[in-house]
Amino acid sequence: MLQTFNRSFRTAAWLGWQVESNWTDPLLFFAFSVLKPVSSVLILVFMYHAVAGAGSDAPIYAYIFLGNAFYIYVGAVMAGTSYAILDDRERYRTLKYLYIAPIAMPMYLLGRAVARFVVGTLAVVITLLVGIFFLNVPVNLLTVDWPLFGLTLALGIICLSFMGLALGAWTLTIRNEPWFLGDAVAASLYLFSGAIFPITLLPGWLQPLAYGLPVTYWLELLRRATLGPNAAAFPTFAAWSNGQLLAALTGLTLAFGLLAALAFRFFDRLARERGLIDAQSNF
Amino acid sequence: MAHEALAIQTENLGRVYTIKAIKKGEAKQRVALNDVNLEVGRGEFFGLLGPNGAGKTTLIKILTTLLAPTHGRATVAGYDVARQAAQVRPLINMVSGGESSGYGLLTVRENLWMFGQFYGLDSKSTYRRVDALLEIVGLSDRAHTKTSDLSTGLRQKMNIVRGFLTDPQIIFLDEPTLGLDVGASREVRSFVRNWVDERPDRTLLLTTHYMAEAEELCQRVAIINAGKVLACDSPANLKRRLQREAIFRLDVSPLRNGALSTFETLPGVRKFVHTPQDGKSELDLILAEDGAIASVVTTLTSHGAQILNLQKREPTLEDVFVDLVGLSMEQAAAS
Amino acid sequence: MSIVDRQLPTENRQLPAAPRQVIHGWRYFLRTVWARAYPRIIGQQREPAWVFFETFLPFLATVGYVYVYRAMEAPEEFVGFAVMGGAMTAFWLNVMWSMATQLYWDKEQGNLPLYIMSPASLMAILLGMALGGMLATSLRAAIILVLGTWLFQVPFAISNYLQLFAVFLLTMTALYGLGMLFGSLFLLFGRNAWQISQMMQEPIYFISGFYFPIETFGFAVALAAAILPLTLGMDAMRQLTFANGPALGFLSVEIEIGILLLLAVGFVSAAKLALDRMEWRARYEGTLSDRRK
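Chains as they are written, first to last, in my numbering: chain A, 1 to 283; chain B, 284 to 618; chain C, 619 to 911.
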């Protein structure tokens with residue numbers, strides 16, 4: 001069992017890397033991997049400058065920048081698994097062969113997301129460095145709470161993988177317009193997880209949704225770890241200690257792990273019932 | 284126009300593919316077609332016979348304006364395929380085996396209508412013709428089925444209707460029965476033959492690696508291997524090349540390697556093909572004369588092989604291929 | 619007892635005469651456009667799940683930008699900019715995904731060789747793809763615009779309808795020309811088409827100023843960004859639809875219309891040339907009909 005898990009994961013990670021990186025030369029690959037996330041953060045930076053002028057000392061500036069930078073992981077890891085399904089089913093037409101192979105499909109899908117995680121990390125690091133050195137984001141690398149940062153990051157990535165697995169399984173059952181599913185879900189979570197604006201700005205009836213999302217706690221913890229006391233400028237979680245936030249994130253990660261397992265079983269069965277494992281989107 | 288009477292003409296036609304290597308600086312070249320000279324008259328049913336990878340599809344791609352030759356030239360209906368593609372296209376169509384065409388979400392009828400539009404046919408007469416063609420190929424009950432729900436065989440029938448829908452002057456059939464079962468292949472062949480019979484002015488170029496198909500349908504056949512045309516004549520004339528030879532098929536108990544090498548020096552044995560089968564060895568022999576069979580039998584017996592069946596038979600196009608290439612089609616494809 | 623008759627028909631019965639081909643003129647062009655649009659339109663009708671993914675979810679993304687402006691306590695016009703930008707993303711996505719990348723996708727499906735082999739114009743086929751995606755695009759743009767305006771009380775103040783219409787029309791013409799240009803480039807790029815479309819999305823949103831006025835860039839950068847039709851198109855539209863728009867505009871609307879006109883002519887002509895050129899090169903390199911896995 002463990003051997004199968006290991007084999008599926010490792011092979012998939014290798015394959016994922018080939019698929020991600022093999023389409024062009026390394027320089028272009030690097031440029032493209034970084035261009036997209038850096039541009040999305042630049043949109044926000046210029047929105048800020050359009051309103052506030054040249055200054056960058058308002059707390060919302062660092063809030064938006066960091067939230068957006070770390071949010072790259074949501075797209076990379078969560079959407080990555082759903083893209084693996086699409087790539088294999090529709091583009092390479094190999095999903096049916098993988099399905100009948102003695103591999104652990106969930107592990108395979110998680111493995112496929114590893115490459116996107118690596119590329120995502122690259123993008124996050126570059127975005128942060130650009131922010132710190134060129135765009136006046138007030139992060140001091142010497143005062144970052146690295147243990148809290150590392151622990152939070154790891155927990156978050158595990159949680160995002162679970163969410164990706166559920167999403168990937170859902171993608172299996174959708175025919176013809178599933179292309180934007182991963183990105184679309186990532187984009188909508190953007191709204192409810194306090195990534196680029198405090199969730200207290202949301203209408204009251206939508207706020208409970210934000211509190212139910214692990215990404216909300218994850219981003220708050222990452223901001224606290226990188227900004228230190230400056231992170232408290234927005235009082236959404238002012239009353240919460242780091243420990244409480246970590247507990248919430250851990251609990252939600254476990255819950256999403258369970259959800260992913262159930263979702264995978266359910267959608268997997270549905271997809272096979274409907275004969276969608278080797279479906280083609282033709283239009 | 285070059286030759287009004289010729290539907291297809293190629294002069295020293297060649298195509299070299301440059302294959303990009305994974306590592307830089309190691310680009311390789313592969314010769315797919317080499318100095319091909321062919322002339323196909325209007326109204327002719329012409330066959331290109333060769334194993335997989337012989338260059339048949341490359342030739343069809345060039346003639347249908349999808350691929351440019353790297354040297355030589357080709358004309359279709361008198362127009363240069365490389366420089367006058369726009370003049371060639373309204374006159375031709377193509378059906379490839381093993382490929383789907385159109386969109387899975389559309390019904391058979393809708394897909395066919397769509398392709399008709401691309402050829403400038405008006406909707407009303409397109410539908411009339413689509414319905415008639417579907418009737419002929421036995422697909423009318425599936426006219427309103429989404430193509431994604433069709434089996435491979437039925438999809439290929441639709442593909443065939445697409446090719447014939449525009450009533451092309453020259454139609455290219457690239458392995459049209461590939462992947463079809465025996466019954467469906469027969470139906471396709473019957474449809475094609477009737478189409479040609481009823482339209483003596485239409486030209487048909489068929490590529491196939493099925494000998495029987497070429498023999499049954501084509502007025503003339505070009506045998507092609509490794510990008511070169513080795514012979515071009517009517518099936519009867521091609522087989523006549525082997526008239527003086529004697530052709531035998533022998534089934535013997537499984538042969539050891541040593542036995543085969545002795546055939547190479549055996550007097551009277553011109554060509555032989557050994558095909559290992561389940562529990563036996565199949566030997567196809569082209570002999571200089573009937574008498575040579577005696578020494579073959581003696582040699583086999585001396586190697587301890589037991590003769591299960593011996594049959595003298597008429598030459599086929601497969602034998603012609605073996606005679607020209609020295610390998611069976613299957614072996615040539617594998618090599 | 620059952621009887622199996624293996625006799626095949628000895629004639630194809632009487633086929634109706636072959637329809638007359640009309641392969642010249644604008645009617646034929648439109649016929650091709652409509653025929654290629656048809657699968658998309660029908661596809662969307664038969665698989666209506668796209669409505670959710672194509673409209674509701676992108677709307678949420680737009681809402682995100684609105685809240686960012688709210689968090690920055692920006693003037694209300696900026697909320698309008700975000701809503702308009704969100705609506706306009708639909709057109710960029712249609713051009714890139716329904717048209718430029720679709721051409722590559724059609725190649726993967728084995729349809730491209732059939733298109734090339736037919737006498738139909740490749741431009742008409744590309745236009746058909748985009749037109750087929752127009753239903754989804756228009757709905758997406760309309761929903762973002764209407765819902766955004768209603769929810770966030772966007773203060774529109776349209777100053778000149780005629781100019782607004784001209785700007786929109788010219789922007790779309792130039793944009794679809796640019797999309798066709800990309801389509802032909804992707805024909806050569808092969809499997810890169812997918813990644814490039816994907817990766818270009820945010821950089822284009824940024825450079826074209828989908829969510830903020832481009833004068834923020836400064837003159838030189840804004841001028842360079844003007845090579846993308848949506849940059850000036852949206853700048854002019856912002857100037858024409860918001861009270862505070864002209865103050866935040868880059869160039870005067872008249873000049874922007876002039877440049878858009880040049881872009882429209884330039885991109886459409888370039889697209890035609892590039893399509894011919896790319897088809898020619900693809901035929902030489904043998905990449906037209908091979909499926910890359």
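No wet-lab data here; the hints were simulated from the structure.
Just to be clear, a hint being listed does not mean it is correct.
Derived lysine to any residue pairs resembling SDA-like cross-links, with alpha carbons at most 20 Å apart [claimed, not checked]:
1) C:890 - B:370
2) B:407 - C:634
3) A:36 - C:816
4) B:429 - C:660
5) B:511 - B:407
6) B:407 - C:638
7) A:36 - C:822
8) B:407 - C:641
9) B:429 - A:90
10) B:311 - C:636
11) A:96 - A:173
12) A:36 - C:815
13) B:511 - B:320
14) B:429 - C:638
15) B:429 - C:728
16) B:407 - C:636
17) B:407 - C:635
18) B:429 - A:229
19) A:96 - C:727
20) B:554 - B:539
21) A:36 - C:727
22) B:595 - B:616
23) B:429 - C:636
Just a few of them, taken from the derived set where beta-carbon distance is under 7 Å, the chain A residues facing chain C [stated by the list, open to error]:
24) 39
25) 126
26) 128
27) 188
28) 270
None of these values were measured; they are calculated from a predicted model.
All C-beta atoms, glycine included, are put in the ideal place defined by N, C-alpha and C.
Could you grab the alpha-carbon distance between residue 311 of chain B and residue 636 of chain C and see if it respects the 20 Å cut-off? Violated - the C-alpha atoms of residue 636 of chain C and residue 311 of chain B are around 46 Å apart, more than 20 Å.
Is the Cα-Cα distance between residue 429 of chain B and residue 90 of chain A 20 Å or less? 18 Å, holds
Are residue 595 of chain B and residue 616 of chain B close enough, with their CA atoms no more than 20 Å apart? Roughly 26 Å between the alpha carbons, so the hint for residue 595 of chain B and residue 616 of chain B is violated.
At a threshold of 7 Å, is the proposed contact between residue 39 of chain A and chain C supported by beta-carbon distances? Check passed: Cβ of residue 39 of chain A comes within 4 Å of chain C, closer than 7 Å.
Is the Cα-Cα distance between residue 429 of chain B and residue 660 of chain C 20 Å or less? Distance ~11 Å between residue 429 of chain B and residue 660 of chain C Cα, so the pair holds.
Do the numbers back the hint for residue 128 of chain A, that is, is its least Cβ distance to chain C under 7 Å? Given a least distance of 17 Å, the restraint on residue 128 of chain A is violated.
Taking only the CA atoms, is the gap from residue 407 of chain B to residue 636 of chain C under or equal to 20 Å? 12 Å, holds
What's the verdict on residue 36 of chain A and residue 816 of chain C, does the C-alpha distance respect the 20 Å limit or exceed it? Answer holds: residue 36 of chain A to residue 816 of chain C is near 9 Å, not above 20 Å.
Holds or violated: residue 429 of chain B with residue 229 of chain A, Cα cutoff 20 Å? 62 Å, violated
Can the restraint linking residue 36 of chain A and residue 727 of chain C be considered satisfied, given a maximum Cα separation of 20 Å? Violated - the C-alpha atoms of residue 727 of chain C and residue 36 of chain A are around 28 Å apart, more than 20 Å.
Double-check residue 126 of chain A for me: the hint is only fine if its C-beta lies closer than 7 Å to a C-beta in chain C. 14 Å, violated
Does the alpha-carbon distance linking residue 511 of chain B and residue 407 of chain B stay inside the 20 Å limit? 45 Å, violated
The structure is inconsistent with the numbered hints 5, 10, 14, 18, 21, 22, 23, 25, 26, 28, although it conforms to all the rest.
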